[in-house]
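Please put together the full structure from these sequences, using the hints given.
Number of protein chains: 2
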Amino acid sequence: MTTPFANLPAPPYYAVIFSSRRRDGDDDGYGAAAERMVELAREQPGFLGVESTRGADGFGITVSYWESEEAIRAWRRHAEHAATREQGRARWYAHFEIRVAKVERAYGWDAGGGQHGE
Amino acid sequence: MTTPFANLPAPPYYAVIFSSRRRDGDDDGYGAAAERMVELAREQPGFLGVESTRGADGFGITVSYWESEEAIRAWRRHAEHAATREQGRARWYAHFEIRVAKVERAYGWDAGGGQHGE
Numbered sequence: 001m002t003t004p005f006a007n008l009p010a011p012p013y014y015a016v017i018f019s020s021r022r023r024d025g026d027d028d029g030y031g032a033a034a035e036r037m038v039e040l041a042r043e044q045p046g047f048l049g050v051e052s053t054r055g056a057d058g059f060g061i062t063v064s065y066w067e068s069e070e071a072i073r074a075w076r077r078h079a080e081h082a083a084t085r086e087q088g089r090a091r092w093y094a095h096f097e098i099r100v101a102k103v104e105r106a107y108g109w110d111a112g113g114g115q116h117g118e
Numbered sequence: 001m002t003t004p005f006a007n008l009p010a011p012p013y014y015a016v017i018f019s020s021r022r023r024d025g026d027d028d029g030y031g032a033a034a035e036r037m038v039e040l041a042r043e044q045p046g047f048l049g050v051e052s053t054r055g056a057d058g059f060g061i062t063v064s065y066w067e068s069e070e071a072i073r074a075w076r077r078h079a080e081h082a083a084t085r086e087q088g089r090a091r092w093y094a095h096f097e098i099r100v101a102k103v104e105r106a107y108g109w110d111a112g113g114g115q116h117g118e
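Listed in order, the protein sequences are those of chains E and Z. Numbering of the first sequence is given in UniProt numbering, commencing with residue 1 and proceeding in unit increments. Numbering of the second sequence is given in UniProt numbering, commencing with residue 1 and proceeding in unit increments.
No wet-lab data here; the hints were simulated from the structure. None of the values given here were measured: they were computed from a predicted structure. It cannot be assumed that every hint is accurate.
As the list claims (entries may be wrong) - Non-contacting residues of chain E with respect to chain Z, defined by C-beta distances greater than 12 Å in every case (computed): (1) 11; (2) 33; (3) 36; (4) 43; (5) 45; (6) 74; (7) 79.
Stated by the list, open to error - Partial list, computed: chain E residues near chain Z (C-beta under 7 Å): (8) 86; (9) 98; (10) 111.
To be verified - Computed Cβ-Cβ distance ranges for the label pairs, DEER-style: (11) Z:23 <-> E:56: 16 to 22 Å; (12) Z:110 <-> E:39: 26 to 32 Å; (13) Z:45 <-> E:104: 16 to 22 Å; (14) E:78 <-> Z:29: 42 to 48 Å; (15) E:56 <-> Z:117: 26 to 32 Å; (16) Z:80 <-> E:44: 41 to 47 Å; (17) E:118 <-> Z:80: 19 to 25 Å; (18) E:24 <-> Z:90: 35 to 41 Å; (19) E:94 <-> Z:57: 20 to 26 Å; (20) E:39 <-> Z:43: 26 to 32 Å; (21) E:69 <-> Z:68: 19 to 25 Å; (22) Z:90 <-> E:25: 39 to 45 Å; (23) Z:69 <-> E:114: 23 to 29 Å.
The beta carbon of each residue, even a glycine, is placed where N, CA and C say it ideally should be.
The structure is reproduced here in structure tokens:
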């Protein structure tokens, strides 16, 4: 099983918190486009990782992690990403919110391994 | 329908990004405890809002938003919250990661209302 958790370096780094509600209706190419965007993001300079989930109610949160604000700006300017965002507005999303944040501290816990970080 | 989106002031403010994987098995009181924690968080000084979702695979992301780092630290020290966190480690979670971040900019979009923020 691949892990849904991003394997990140020690802070500081940046997070883009993308919360969205899908429109009702069929997939309409959404799944393939979402997978392609993750694949493309992974190729970008300064990309650190991504975590993503969506509930049965159509509300989802995706957090991508980046080395710098410049890396985030460059990803926003990426032509294929920009074109897919346009499709998102036109076809897939009812509403979304984006918050760009600087991660200052991080820690975690595993049932097998206990606490890590901080 | 209540909105799953947090209604936040203009940045700056703080985000606690909590990503987790549930253990397999039945609910074991998880749902009631999770609801209670949100209810309790809403009563804390400096709480701004929360967004949360979990997929069918048991991986979830909850992002809570706070006015200051001091508000986050106070919530972490809250006795009932601390006791429930212990239950989370003992009963409900296989793994979790927490990242504390300062939100520097934010914007959003709605199919009916267009772009807002930034």
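A quick look at each hint next to the structure:
Interface exclusion of residue 11 of chain E from chain Z breaks down, the closest Cβ pair being 8 Å apart, not more than 12 Å. Every beta carbon of chain Z lies more than 12 Å from that of residue 33 of chain E, the smallest distance being close to 17 Å; the non-interface claim holds. No beta-carbon of chain Z comes within 12 Å of the beta-carbon of residue 36 of chain E; the shortest separation is about 19 Å. Residue placement check: residue 43 of chain E keeps its beta carbon more than 12 Å from all beta carbons of chain Z (closest about 23 Å).
Distance to chain Z confirms residue 45 of chain E as a non-interface residue, since its nearest Cβ pair spans about 20 Å, more than 12 Å. The beta carbon of residue 74 of chain E sits about 16 Å from the closest Cβ of chain Z, which is more than 12 Å, so the claim that it is off the interface holds. Remark: the non-interface label on residue 79 of chain E is consistent with the geometry, its nearest Cβ contact in chain Z lying 20 Å away (cut-off 12 Å). Interface hint at residue 86 of chain E: violated, since its Cβ lies 11 Å from the closest Cβ of chain Z, which is beyond the 7 Å cut-off.
A least Cβ separation of about 6 Å between residue 98 of chain E and chain Z falls short of the 7 Å threshold, and the interface hint therefore holds. Interface hint status for residue 111 of chain E: upheld, as the beta-carbon distance to the closest one in chain Z is roughly 5 Å, under 7 Å. For residue 23 of chain Z and residue 56 of chain E, the Cβ-Cβ distance of about 20 Å falls inside the hinted range of 16 to 22 Å, so the restraint holds. A beta carbon spacing of about 28 Å between residue 110 of chain Z and residue 39 of chain E agrees with the range 26 to 32 Å that was offered as a hint.
Range check, residue 45 of chain Z to residue 104 of chain E: about 20 Å between beta-carbon atoms, so the 16 to 22 Å window is met. The hinted window of 42 to 48 Å between residue 78 of chain E and residue 29 of chain Z holds, with their beta carbons roughly 45 Å apart. Checked against the hint of 26 to 32 Å, the pair residue 56 of chain E and residue 117 of chain Z passes, with Cβ atoms roughly 28 Å apart. In this structure the supplied range 41 to 47 Å holds for residue 80 of chain Z paired with residue 44 of chain E, their Cβ-Cβ distance being about 42 Å.
The supplied range of 19 to 25 Å is met by residue 118 of chain E and residue 80 of chain Z, whose beta-carbon atoms lie about 22 Å from each other. At roughly 39 Å, the beta carbons of residue 24 of chain E and residue 90 of chain Z sit within the given window of 35 to 41 Å. Between residue 94 of chain E and residue 57 of chain Z the beta carbons are some 23 Å apart, a value that agrees with the proposed interval 20 to 26 Å. Between residue 39 of chain E and residue 43 of chain Z the beta carbon distance is about 43 Å. The supplied range of 26 to 32 Å is therefore violated.
Separation of residue 69 of chain E from residue 68 of chain Z is about 22 Å and conforms to the stated range, judged on CB atoms against 19 to 25 Å. A hinted range of 39 to 45 Å holds for the C-beta pair residue 90 of chain Z and residue 25 of chain E, which are about 42 Å apart. The hinted range of 23 to 29 Å is satisfied by residue 69 of chain Z and residue 114 of chain E, whose Cβ atoms lie roughly 25 Å apart.
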